[in-house]
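**Q** Using the working numbering, the letters of the sequence shown correspond one by one to residues 52 to 193.
By construction, these hints were calculated from the structure, which means they are not laboratory data.
A hint or two may mislead.
[Claimed, not checked] Pair ranges (Cβ atoms, derived):
(1) 122 - 169: 20 to 26 Å
(2) 162 - 106: 31 to 37 Å
(3) 186 - 95: 28 to 34 Å
(4) 135 - 83: 14 to 20 Å
(5) 157 - 106: 38 to 44 Å
Glycine included, C-beta positions come from ideal geometry on N, C-alpha and C.
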Amino acid sequence: MLQSTNETNYQLTLTLPTPDEFCALRKAAGLSPRSLAAATRGLPNSLMGVSIRKQGQLVAMARVVGDGSIVFEVVDVAVTPSEQGHGLGKQLMHAVTNYLSEHAPADADVSLIADVPADHLYAQFSFQPTAPESIGMAWHRE
52 MLQSTNETNY
62 QLTLTLPTPD
72 EFCALRKAAG
82 LSPRSLAAAT
92 RGLPNSLMGV
102 SIRKQGQLVA
112 MARVVGDGSI
122 VFEVVDVAVT
132 PSEQGHGLGK
142 QLMHAVTNYL
152 SEHAPADADV
162 SLIADVPADH
172 LYAQFSFQPT
182 APESIGMAWH
192 RE
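Work out the full structure: start from the sequences and follow the hints.
**A** If you want it as structure tokens, here you go:
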């Protein structure tokens with residue numbers, strides 16, 4: 052159980068949010084929207100999920116996706132704006148890196164796409180920019 056400095060309890064669990072919660076938190080945190088249908092299909096394919104709740108409400112989440120052996124990607128790291136600044140992002144990343152330490156082989160590719168300024172959070176957990184040797188790219192339908 053996590054506790055913030057203002058005596059409000061947070062509960063961290065290694066579970067995925069519901070598709071409805073997932074879509075709502077992405078929107079609240081300013082991430083690109085996902086359809087409920089896509090979330091319903093996609094979430095069960097996650098390798099790992101972590102959720103933080105406050106009084107039963109989802110306030111933070113993160114997932115790990117990939118093939119479970121060669122490629123792992125940290126995705127959907129989100130904290131609702133009203134709960135930012137309480138260390139929840141760090142708690143999410145502790146859970147994620149603990150999972151990766153236990154499940155990702157030493158030669159696995161582990162990556163994430165960092166939005167600025169969240170890159171500073173990820174750097175605290177040994178994630179490093181790959182440029183100029185390589186850069187992240189995204190495919191956009193025309």
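**Q** Now look at each hint and say whether the structure bears it out.
**A** Hints, verified against the model:
no.	hint	verdict
1	122 - 169: 20 to 26 Å	holds (21 Å)
2	162 - 106: 31 to 37 Å	holds (34 Å)
3	186 - 95: 28 to 34 Å	holds (31 Å)
4	135 - 83: 14 to 20 Å	holds (18 Å)
5	157 - 106: 38 to 44 Å	holds (40 Å)
The structure fails none of the hints (numbered hints given earlier).
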